[in-house]
Amino acid sequence: MSQTNNSKITKADFNSPNQGFSPYVEVAGETYMNDRQLEHFGKILKNWKQKLMEEVDRTVHHMQDETHNAADPADRATQEEEFSLELRTRDRERKLISKIESTISKIESKDYGYCEECGVEIGIKRLEARPTATMCIECKTLDEIREKHRTE
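303 is the number that the numbering used here gives to position 111 of the sequence shown; each next residue is one higher, with no gaps.
Mixed in with the good hints, there may be bad ones.
[What the hints assert, rightly or not] Derived Cβ-Cβ restraints for the label pairs, each shown as a range:
id	residue 1	residue 2	range
1	L334	S290	20 to 28 Å
2	L334	F275	25 to 33 Å
3	H253	T223	42 to 50 Å
4	D267	N210	38 to 46 Å
Hint data in this document are derived by calculation from the structure and do not stem from the laboratory.
Predicted model only: the values in this text are computed from it and were never measured.
Where a beta carbon is used, it is the ideal one built from N, C-alpha and C, also for glycine.
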């Protein structure tokens, strides 16, 4: 990841799994989810997980360093709200890390890239956009329609 000295890593960087990676360039006639493709997605996922873990560590240190008993109730409330928001974000990231780890396991067992519902190829472009995808676009769309009808 290239950064200038005055740039700062943003939350978007942690939500972008492909940060610092070029899109996979398919070679005509290559087998879907060959070793080269699995390696490509493995690197993306491991890098993304590492960035998320670093953010978790940063949060822990920030909360330890910033915890103080403010005399002013408004300052105390502001700090508590800030910590609460940060903890909710970290909880979502913890769940994402778990999903990334599960996806890395699929890569290692060479079960990656196929829809869990119908078994068809998810597709390189979809996996580039969402490396943790477990369904092809058609099955995901149907799943979202079913979910919408359940909540109505």
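Structure versus earlier hints, numbers of those that do not hold, lowest first: Failing hint: just 2.
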